[in-house]
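Trainee: Numbering (our numbering), first residue to last: 1 to 72.
Simulated from the structure, these hints should not be mistaken for laboratory data.
The reader is advised that the hints may include incorrect statements.
Said to hold, decoys possible - Simulated restraints, written as ranges between beta carbons of each label pair: (1) Ala-39 <-> Val-59: 27 to 35 angstroms; (2) Gln-48 <-> Lys-15: 18 to 26 angstroms; (3) Glu-36 <-> Ala-10: 25 to 33 angstroms; (4) Arg-29 <-> Glu-49: 16 to 24 angstroms; (5) Pro-58 <-> Cys-24: 25 to 33 angstroms.
Using N, Cα and C, we set each Cβ at its ideal position, and we do this for glycine too.
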Amino acid sequence: MTNESHLRVANPPHKPLMIWDGECHFCKRWIERWREITAGEVDYVTYQEAADRYPEIPVEMSIFEKMACPEL
Numbered sequence: 001m002t003n004e005s006h007l008r009v010a011n012p013p014h015k016p017l018m019i020w021d022g023e024c025h026f027c028k029r030w031i032e033r034w035r036e037i038t039a040g041e042v043d044y045v046t047y048q049e050a051a052d053r054y055p056e057i058p059v060e061m062s063i064f065e066k067m068a069c070p071e072l
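Given these sequences and hints, build the entire structure.
Mentor: In structure tokens, the structure reads:
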């Protein structure tokens, strides 16, 4: 059983990474705000893009229940 709150990936990102739903307009608006607030300290990628980069993160994991943040 995978502990989804502490995902480990083979190729971890160098900075904290927020994975979000690229098809969600509400999410896109918030990501735009968070990009300004975090000023480059956090990277953002859609789960559609992350699926190839981080196959360890199950796509079926509900992004509305949890946010996936691979550990550094």
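Trainee: Holds or violated: the 25 to 33 angstroms window for the beta-carbon distance between Glu-36 and Ala-10?
Mentor: Given about 31 angstroms between the Cβ atoms, the range holds.
Trainee: Between Pro-58 and Cys-24, is the Cβ distance one that fits in 25 to 33 angstroms?
Mentor: Violated, at about 18 angstroms.
Trainee: Against the range 16 to 24 angstroms, how does the distance between the Cβ atoms of Arg-29 and Glu-49 compare: consistent or not?
Mentor: 18 angstroms, holds
Trainee: Has the hinted range 27 to 35 angstroms been met by the Cβ atoms of Ala-39 and Val-59?
Mentor: 29 angstroms, holds
Trainee: That 18 to 26 angstroms hint for Gln-48 and Lys-15 (C-beta), does it hold up?
Mentor: Distance hint for Gln-48, Lys-15 holds at roughly 20 angstroms.
In summary, the structure is inconsistent with hint 5 from the numbered list given earlier, while agreeing with all the others.
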